[in-house]
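Let chain A serve as the given structure and place chain B on it in line with the hints.
As you go down the protein sequences, you meet chains A and B in turn. Going by the numbering used here, the first sequence opens with residue 1, and the numbers climb by one from there. Going by the numbering used here, the second sequence opens with residue 278, and the numbers climb by one from there.
If a hint is listed, it holds; no wrong ones were tucked in.
Interface residues of chain B toward chain A, partial, derived using beta-carbon atoms under 8 Å: (1) 331; (2) 361; (3) 369; (4) 377; (5) 388; (6) 444.
Quick caveat, the hints were computed from the structure, so don't treat them as lab data. Built from N, CA and C at the ideal position, the CB exists for glycine as well.
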Amino acid sequence: MLVAFSAVSALALITAFIFRAGLPIMMKVGLGDFIFSNEWRPTDASPSFGIFPMIMGSLAVTAGAMVIGVSLGLACAIVLTQFCHPRAVSVLKPAIELLAGIPSVVFGFIGVVILVPLIRQYLGGWGLSVLAASLVLGIMMLPTVTSITVDALQAVPRSYGDGSIALGATKWQTTHMVLLKAAGSGIMAAVILGMGRAIGETMAVIMVIGNWLDVPHSILDPARTLTSNIALEMGYSAGEHRQALFATGVVLFVIIMAVNTAALAFSRHHLRKAGMR
Amino acid sequence: MMTVPSKLQSVNLNLWYGAFWALKGVSMAIRPQAITAIIGPSGCGKSTLLRCFNRMNDLTRSVRTDGQVLLDGQDIYASGYELTRLRKRVGMVFQRPNPFPLNVFDNVAYGPRVHGVRDRRTLERIVESSLKATALWEALQNRLDRPALALSAEQQQRLCISRLLAVEPEVLLMDEPCSALDPVATQHIEELMRELMQRYTIVIVTHNMQQAARISDETGFMLLGELVEFGTTKTIFTNPRDKRTEEYVTGRYG
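Here chain A stands alone, though its shape is the one from the complex (with noise of 0.2 Å):
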C-alpha cells in the first residue's frame, strides 16, 4: 500500500513538477504559437519558440516505428504460437525478449554504422532520416510486441481454436479470424506498450535522426522528435529556454497521456463488442 502510494506520489510530483516549469512560458508565447509556430530559435536575441517540426517528427518517428514493429512483432507471435514446436518456442520467445535487454545506445550506434549508411547509398538522402530512426525504434519495440502478444494468443481458450478448426478452417484462416481478435485486448495492450517506448525513446533517435529543424516531407528527411530536443539542449538552456524545453515536456506528456487513454477506451469498446468484459 505504502509501495503503492510512494509510486502514485512520484508521479504526481513529476507531473506538478513539469507543468509548473513548463506552463508559464507556454502561457507567454500563446499555447498556438508554442504548438504550431515552426520557428525554433531559443537562443537568439528576440527567441522564438515554436516546436511543430518536433511534434511531427516524434509523430512520424513513432508512426513509421509501429509499422515497423507491430507488423514485425505480431507475425513473429503468430509464428511461435501457431507454427513452432512447444521446445522451439522455449528457446526462441526468450531470446527475442532479451533485445530488450541491449541498451538503447548500442542501437543507435549499430543504426548510425550500419543502417544509415546503407540507406545514404542505396534510397538517397543524409542517411540520418526519418526512415532510420523508424528502423532503429521498430526493432526495439520487437520484444515488447512479441512477448505480450504471444502471452495474450496463449491465453486464448484452446476451444475457440478447435471450433474453428472443426468447421473446415485452415490454421491461417483461425488464426487471423478468430485467434487475433479473441486475444485483441491483449494485443492492443502490446501495441500500446510499443508506442510508449517508440514515444519516449531518445537516446537511439538522437543518433540517427539528424536532429534537423524542419518539419520532415519525407521518411528519408532529417527530423527531430520532442524527446531528442529535450536532451540535446537541455546542457546549456538556461532562463526562457530552459523552461520552453520543459513545456516541450509537458506537450510530450499530454500527448502520449492522449495516445494511452485512446488505446485504452478502444480496448475496452473492443471487449464489450466481443461480450468477454
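Okay, now just chain B, sitting in the frame of chain A:
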C-alpha cells in the same frame, strides 16, 4: 436394416498417444439418418474415437493412428485427403459451448465465410435458416449483433449447432453436448437432435446412459479402448450379449 450402407465406418482402428494405446482395433459402422451413441466410463476412448471421425486428433502432438475410417466408402486417413473438406462434411459440437468471441451473426456466418461465401445476401439467408433449424431465430433475430458470449449456456450450445449447420455438413459429431447444461436445456437439445436426425447422421458421445437410451437408435459400449459391444440401443440396454456391457448398463460400475 442391415442392408443400408453405412455413412461412416471405422475398420480396425488403432490409436496411440505416445506409448499409450487408446483405441484397440475399433470397427464400427454408423447408419445414415440415425443417432448413434457411444457410451462407456471416462477414459475409455469414446471421445478419442469421435475425434478420429473428423481427424481432430491430428491437432494433438504424438498421436499415431492406423486402420481406416471410411466416409461414404472413402478412407479419410488416406494420404492427400483434404482435411478442410472432411471437416466441412463431418462437423463437431463440443462438450462446453464454444461460440467465438464475435456477435451472433458472425458466429453463424463464420463457416460459410471460411468456405468462400462473400455475398451478404447469401450469408443472411444462411444465418436465418441455420438459426431457424435450432429454434433460435425467434429469440435472436433482432439481436444478431449481440455478442454470442452474452447468451445463456443453452443458447450458446444451440448457436454452436447453428454454426455447424451453416456449412451444410452430412455428419454431426457431438462430444457430450449437454454435460454443461441444466436438465431442462438438456431436454431441449435432445429434442433438437431428434429433429436433426431426419436430415443428418448423428454420433453422440455421452457418459449419461439415460440420455443414450432416450435418444439413440444404435449404441456402442466402449471399455479401455475397446468397442465391447455394438448394436441397436434396445438390445444393448435390455439384452446385451457381453457381461461387461450388462454390468455397465445396469449401473454396476462406471
